[in-house]
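**Q** Note that the protein sequences, when read in sequence, are chains A and B. Going by the numbering used here, the first sequence opens with residue 1, and the numbers climb by one from there. Going by the numbering used here, the second sequence opens with residue 1, and the numbers climb by one from there.
Keep in mind that the hints were calculated from the coordinates and are not lab data. Some clues are possibly wrong.
What the hints assert, rightly or not - 30 Å max Cα-Cα, derived DSSO-like pairs, lysine-lysine:
1. LYS196/B x LYS224/B
2. LYS342/A x LYS160/B
3. LYS235/B x LYS156/A
4. LYS224/B x LYS71/A
5. LYS218/A x LYS201/A
6. LYS95/B x LYS134/A
7. LYS335/A x LYS107/B
8. LYS352/A x LYS163/B
9. LYS82/A x LYS102/B
10. LYS52/B x LYS352/A
11. LYS289/A x LYS342/A
12. LYS352/A x LYS209/B
13. LYS335/A x LYS209/B
14. LYS218/A x LYS134/A
15. LYS184/A x LYS134/A
16. LYS26/A x LYS52/B
17. LYS224/B x LYS218/A
18. LYS224/B x LYS26/A
To be verified - To give an idea of the interface, some chain A residues facing chain B are shown, with a C-beta separation under 7 Å as derived from the structure:
19. ASN233
20. ASN234
21. LYS236
In this text, all values refer to a predicted model and were calculated from it rather than measured experimentally. Glycine included, C-beta positions come from ideal geometry on N, C-alpha and C.
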Amino acid sequence: MELKEKLSILADSAKYDASCSSSGSKRQSNGNNGAIGNAHYAGICHSFAKDGRCISLLKILMTNICIFDCKYCLNRRSNNIKRALFTPEEVCAITMNFYRRNYIEGLFLSSGIIKSPDYTMELLIKTISLLRNKYHFGGYIHAKAIPGASEVYLKKLGSLVDRMSANIELPTSSGLKLLAPNKKEGEVSKIMGYVRDNRNKNYVPAGQSTQMIIGATKETDLNIMQKSESMYNNYKLKRVFYSAYIPINNGKNLPSINIPPLKRENRLYQADWLLRYYGFKVGDLLDEKHPNFNILVDPKASWSLQHLDEFPKEISTCSMRDLLKVPGIGPTSAKRIIASRKHFKLTFNDLKKMGVVLKRANYFITLNGRYNIDSSLFNAKFIEGNLVLGEINPNTQVEHLEQLRLF
Amino acid sequence: MNRVYIYNGSFNELLNLIAYLLKNKIKPDNIHDETYNANLFDYVINLDLPNKKDIISKFHDYFGSYNMHLVYYVYLSSVQNKELIIFYYLLNYFKYRENLPKMRNLKCVSEVLRISKQVGNEAHRFKGFLRFKELKEHVLYATIAPDNNVLEIISCHFQKRLKNEYWLIKDEKRQIISVYNKKNFYIASTNDFNLKDLALDDKEKEIEKLWVTFYNTIFIKERKNESCRMNFMPKKYWHNILEMSDNDEESY
Chain A
1 MELKEKLSIL
11 ADSAKYDASC
21 SSSGSKRQSN
31 GNNGAIGNAH
41 YAGICHSFAK
51 DGRCISLLKI
61 LMTNICIFDC
71 KYCLNRRSNN
81 IKRALFTPEE
91 VCAITMNFYR
101 RNYIEGLFLS
111 SGIIKSPDYT
121 MELLIKTISL
131 LRNKYHFGGY
141 IHAKAIPGAS
151 EVYLKKLGSL
161 VDRMSANIEL
171 PTSSGLKLLA
181 PNKKEGEVSK
191 IMGYVRDNRN
201 KNYVPAGQST
211 QMIIGATKET
221 DLNIMQKSES
231 MYNNYKLKRV
241 FYSAYIPINN
251 GKNLPSINIP
261 PLKRENRLYQ
271 ADWLLRYYGF
281 KVGDLLDEKH
291 PNFNILVDPK
301 ASWSLQHLDE
311 FPKEISTCSM
321 RDLLKVPGIG
331 PTSAKRIIAS
341 RKHFKLTFND
351 LKKMGVVLKR
361 ANYFITLNGR
371 YNIDSSLFNA
381 KFIEGNLVLG
391 EINPNTQVEH
401 LEQLRLF
Chain B
1 MNRVYIYNGS
11 FNELLNLIAY
21 LLKNKIKPDN
31 IHDETYNANL
41 FDYVINLDLP
51 NKKDIISKFH
61 DYFGSYNMHL
71 VYYVYLSSVQ
81 NKELIIFYYL
91 LNYFKYRENL
101 PKMRNLKCVS
111 EVLRISKQVG
121 NEAHRFKGFL
131 RFKELKEHVL
141 YATIAPDNNV
151 LEIISCHFQK
161 RLKNEYWLIK
171 DEKRQIISVY
181 NKKNFYIAST
191 NDFNLKDLAL
201 DDKEKEIEKL
211 WVTFYNTIFI
221 KERKNESCRM
231 NFMPKKYWHN
241 ILEMSDNDEE
251 SY
């Protein structure tokens, strides 16, 4: 098989993994004469695909041959598709050629499970060792750990890469049993626990991440976010990625949808940010009575509307924590407000220049005692209506609008 | 009359001039490099100050490295009146000292912060969007056309990343080129080089095809969102990005 065809098969099989980040590592190339590459702590996006997703890493599978039969997966054993297997030298050659030309920030190497988890891990380790030791590649590498592999392989692979991760795929074990009968939740947690306990500047320096598929099973947003929260707390994950279910296969256990739930995915990412950077807890945002996010307004605005008695916040005096509760204010603008307000009296125009999105924040703040709009309009119905209108713009995709109409 | 002070375009000379103006308590109406087209109401002054080599480090010691970082990035921008913005920013340092960057209600401060961030962002983008082609003799060659003069910033990046390669990066807007010899890079005018006879390495087209194949494959058609792509990767950069300029989109 020609290399080009192999690449197109094994990139096609890898593309449903959402992780693209190349941040969090300070790796420098070694002193060797032929050494090449380093990691950029903030990460670098090298291109953007037609779907708007960033391309940072050469995202490929070692092979799409797989002994598992996960219902949602393109590479499941029961699918009749073309199969390919890279040799370690081929992966190295493509990576080096792309990296030298600055097409990519590094390699994302995953794999279908060929023969056994340990055999697959050995193949990944062989490839990445070659890249690090023969080609002296100092760029970013994200490798997938294969669930069920022995610890000795986890130890070896983690010492070669910047990030190592295993995908939990579904938030509950019942969902996993339904769609990924060969995958065991305990095996993924074992990998996460191992990485957490061994992580240092030479072992998985950029930390671990995971991914969940959204909308393939009946789980609610509450189930999903609780799973995320517990993984952030228990395994110190850097990121949880959410991937809207895309119907590739047919099967009796799979939902029959035509459009991936992209808006729902977007709301989950927004909520995920609230957990990591805004001091929110899942319990603040969702409960058994309201187990799903409002599709029409973002989770923070939705929370603010339900807690309108806490607002408006006075910008010139309120705490960092309170600033972060205001829709339209994020960590960057909050920091700027706190740094500046000691030194001069802020105006609404100053807030705008600091990056506050006034068309959202206006409803929730006072500045030096002044409310920027007609105070008789301070009620949840009016504000919600305006926030919803503000979010729908002519560029909003048709499928989003179709989802909106359901409500 | 508008008193317009002229400098030779280098950062060193700009600081030299600003030091002179601050010392003599002169507030200029404008500061501009030699390309300035004077009009009827301008009084153009070219002081031809003696060259002071250590002026940059003196400014660093006095104004602090963060302020000098901001000011340097503004200098690299293509904003009109950038020299005057820099002048007023440094002038205000005497009043606000280390609190200066927090005084966002002053126009010169908010402008310096905004412009320097814009330059930094564009430089960061080019660390990703720049595409090298391999020439004969294993030389890597790239062309960029950034809005701001980010060539030096990205050269520093590639000096670390591709330290054992020979590379050239040409800024086609400014007609300058950065040349790296596996040790240092220097930036010169493209007039000093014969760039016409550059021949691609024999393998180059094949590797480019592989990349375009990968680029087209990684796209998930159920998630198609071209306006999102355009936000992240504006069209003005496309002609130098291999997969965007050379891409047969009809195949998808």
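**Q** Where does the structure disagree with the numbered hints, that is, which hint numbers, in rising order?
**A** 1, 2, 3, 5, 6, 8, 9, 10, 11, 12, 13, 14, 15, 16, 18, 19, 20 and 21
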